[in-house]
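Model the full structure from these sequences, guided by the hints.
Residue numbers (the numbering used here), protein chains in the order written: chain V, 16 to 525; chain H, -19 to 307.
Hints in this document: simulated from the structure, not taken from any laboratory. Even glycine gets a Cβ: it sits at the ideal position worked out from N, Cα and C. Errors might be hidden in some of the hints.
[Stated by the list, open to error] Here are a few chain H residues that face chain V, going by a calculated C-beta distance under 10 Å:
1) Gly120
2) Thr162
3) Arg163
4) Gly167
5) Ala169
6) Tyr171
7) Gly175
8) His178
9) Ala180
10) Ala214
11) Val215
12) Ile239
13) Gly241
[Unchecked claim] Each computed DSS-like pair below joins lysine-lysine, with the alpha-carbon atoms no more than 30 Å apart:
14) V:Lys404 <-> H:Lys189
15) V:Lys351 <-> H:Lys121
16) H:Lys41 <-> V:Lys455
17) V:Lys351 <-> H:Lys41
18) V:Lys351 <-> H:Lys94
19) V:Lys446 <-> H:Lys189
20) H:Lys133 <-> V:Lys171
21) V:Lys171 <-> H:Lys41
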Amino acid sequence: MLTQPGSNAPPKDMPGEPAVLALHEVTKTFPGVKALSEVSLSLYPGKVTALIGENGAGKSTVVKILTGIYQPNGGNILVDGKPTPFPVPQAAANNGVTAIHQETVLFDELSVAENIFLGHAPHNALGLIDLKTMTEKARALLESIGANIDPDHKLKDLGIANKHLVAIARALSIDARVVIMDEPTAALSHKEIEELYDLVESLKAQGKAILFISHKFDEIFRIADNYTVFRDGQLIGDGAIADVSEADLVKMMVGRDVSQIFPERTPNVGDAVLSVQGYAHPTEFDDISFTLRKGEILGFYGLVGAGRSEFMQSLFGITRPSAGAVEIDGTPVEIKSPADAVNNGIVYVPEDRGKQGAVLDLPIFQNITLPSLGRISNNGFLRLAEEFKLAREYAERLDLRAASLDTHVGNLSGGNQQKVVIAKWLATHPKVIILDEPTKGVDIGSKAAVHDFMAELAAQGLAIVMVSSEIPEVLGMSDRVIVMREGRIVAELADHELEPETLVRHAAGI
Amino acid sequence: MLKRLITSREALLIGAIVLLLVLISTRFPGFVRPANLANVFNDTSPLILLAIGQMIVILTKCIDLSVAANLALTGMVVSMVNVAAPGLPMAVILAVAIGLGALLGMFNGILVWKLQIPPIVVTLGTMTIFRGTIFLLSDGKWVNSHEMSPAFKALPRTDFLSLPVLSWMAIIAVILFTIVMTRTTLGRAFYAAGGNPHAATYAGINVGKTQFWAFTISGALAGLTGYLWVSRFAVAYVDIAGGFELDVVAACVIGGVSIMGGIGTVAGALLGALFLGIIKNALPVVDISPFWQLAISGGAIIIAVALNAQANREKGRIILKRAEHAT
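Next comes the structure, spelled out in structure tokens:
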């Protein structure tokens, strides 16, 4: 049942009708990264196929290829068994492929009916949009999927669940044969999820082929007929869901050897540096408490949307918590702004360094010293010689490769930009450093360098919080792991308890 | 240091200005005599002062359309103060002009910072409010030359080291703000807040407050220019410097200030203002019709924007590559 990567012909043992849409040995590469490697995937009319994989397994890339946003570098898209390229998104739509995204891509300011029929609205004799027919058709479509929505309402007045229903109605209005649902339940309540399941059943009954992307095993077993598991851009296994157990799927998702590629370290854990008690936020997270010690690397694992980054931003003073207390070295501190956090020795290296990390139009040295300006100035006047010295010291410490410290950060490679951001924070002499997805989008060589450097910092006594969605990284780097799910801590695992299956079980709630 | 002050874009602009002067001198050699060039500089000084303030505002991803109205209101107020109390020392008049201008700028800044209203809307609103206030204060009447005290009118024209005080004000502002922008934490905050507001926030910079200070500086310079303007032309009325805010924004854009924020220098604003100033002064003397003057100014703006867009597009391509990389 487990197919080996590389030998993945399209599954032959699938029962019933031929695939309406399939990928055949599709490869997609980005500069320096192979996102998909000869993967195959088949969708059958009236069947729900679950696409399962860790973050970064290549699920999103598949969705983008199936909807014509990305072009594969090798392999074919097969529509009814015939190779059919999707050079533009419109081509995918013309072949009856439609996707309902995690965040709905609809127009808030337009009416429900306009959203459903945008681009293919019915016209009257004068060539103008026939509003009445459009509204009636929209009403009929919405009723057919059991949605009680007024087609004249503006989309922005609807809740997220009803927006999904509008997206589904839109999919039906263009006579979709294949519906791709990318984590459709991520933002829904329990009741809304039940309604979505009913809808998926009715789409199945209408003979639509459904690709269902989800992290949640309970819903996969509830509604999927077939499964396909990806790992690191490769097809690991596929088949009928009735033939597998949860444990089998988890094993396929994460099973790999992770021990060699991470630096060997003997944790030398000292006194508590940071203690967080009962941090809460009205909508994002609740009751977050933990202690972090000197020289320790504490991993935060969870699925995307588990509230990890939101909590970290609150701890760093970007957003205000509704409750909670922080102690640094046993002294209570109040963090009302990022400046307070930096002054108390907490720094945050955000996930998206382009957006949140570096000022691309400023030179390297000005980026490195940006949070430390208070220390290198007198009454607001910068001591430029000292600024250069500080920047050079940390650029050298991180082995930053650039022609000169005057180079604008926008001209550096991804790995070097990451180094600038880390150098910037180290230059503030922090006690606690929060690294949010430290190696996301970084090439393999730089990844190892970042990991080595983290180990070195921990050895020097810095306390590190590492938010990561990559299981190997969490397992390979952390001394201890906190698992978050739906805004709460659900498990705290010591080094010897760390198993990939355990992490996934806690994170997915199974 | 010199290399950092004059980046390639500024060198390009200096080249363009030299070329322009050469072209003009072929038709009217007298234009490039030092004395005439000093006159052109003096004439462009108000534009330079305002362009420096505007450059800082644009740097923080904002825009200040109220500068010309601020100038007119402050000019009217100091004229009326002068009429009411002719004996007041000029230092007080200058302090009132700068202080009132700064206050009007702070009003813009507060609305942008605390109420988070888009700057273009805020300053479009205050532009109208300021003009309306002048009308209310003056009843639509002019303050004329004979009502102003001799000292009030004389200051901008007073020669010091063979340049008028008006020119010296621009020179001092260029030097002062070059120092502010390159050597102070506030200057660095302007660049960071506009270049990447997220990163600036994470680095502990209060972006809204930084924008507030940018508007305050722009307002203070507009206030100072308000006094210089009414005293130089010896008249104050509702519509002085009407539409001048567009020249100010144009000077910034020509000077390489990115309308997206984060890129710009005092030297750029100075050169952009000089470029426009030379065109405005030279075209009449070389006998080109007013229509062509406007067309040439407009053409210069579009070329400058096109050059900026070109530079930005290249940057976009790199970002996209990285975004794909991260997938």
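These are the hints, each one checked on the structure:
1. Gly120: At about 43 Å, which exceeds the 10 Å cut-off, the nearest Cβ of chain V leaves the hint on glycine 120 of chain H violated.
2. Thr162: Check passed: Cβ of threonine 162 of chain H comes within 8 Å of chain V, closer than 10 Å.
3. Arg163: holds (5 Å)
4. Gly167: holds (8 Å)
5. Ala169: holds (8 Å)
6. Tyr171: Holds, about 6 Å.
7. Gly175: holds (4 Å)
8. His178: holds (4 Å)
9. Ala180: holds (7 Å)
10. Ala214: violated (39 Å)
11. Val215: violated (39 Å)
12. Ile239: violated (13 Å)
13. Gly241: Interface hint status for glycine 241 of chain H: holds (9 Å vs cutoff 10 Å).
14. V:Lys404 <-> H:Lys189: holds (29 Å)
15. V:Lys351 <-> H:Lys121: The given pair, whose Cα atoms are some 52 Å apart, is violated under the 30 Å limit.
16. H:Lys41 <-> V:Lys455: It holds: about 29 Å lies between the C-alpha atoms, which stays within 30 Å.
17. V:Lys351 <-> H:Lys41: With a Cα-Cα distance of about 25 Å, the restraint between lysine 351 of chain V and lysine 41 of chain H holds, given a limit of 30 Å.
18. V:Lys351 <-> H:Lys94: holds (17 Å)
19. V:Lys446 <-> H:Lys189: Since the Cα atoms of lysine 446 of chain V and lysine 189 of chain H sit roughly 28 Å apart, the hinted pair holds (cutoff 30 Å).
20. H:Lys133 <-> V:Lys171: violated (59 Å)
21. V:Lys171 <-> H:Lys41: holds (28 Å)
This entry does not satisfy hints 1, 10, 11, 12, 15 and 20, going by the numbered hints stated previously.
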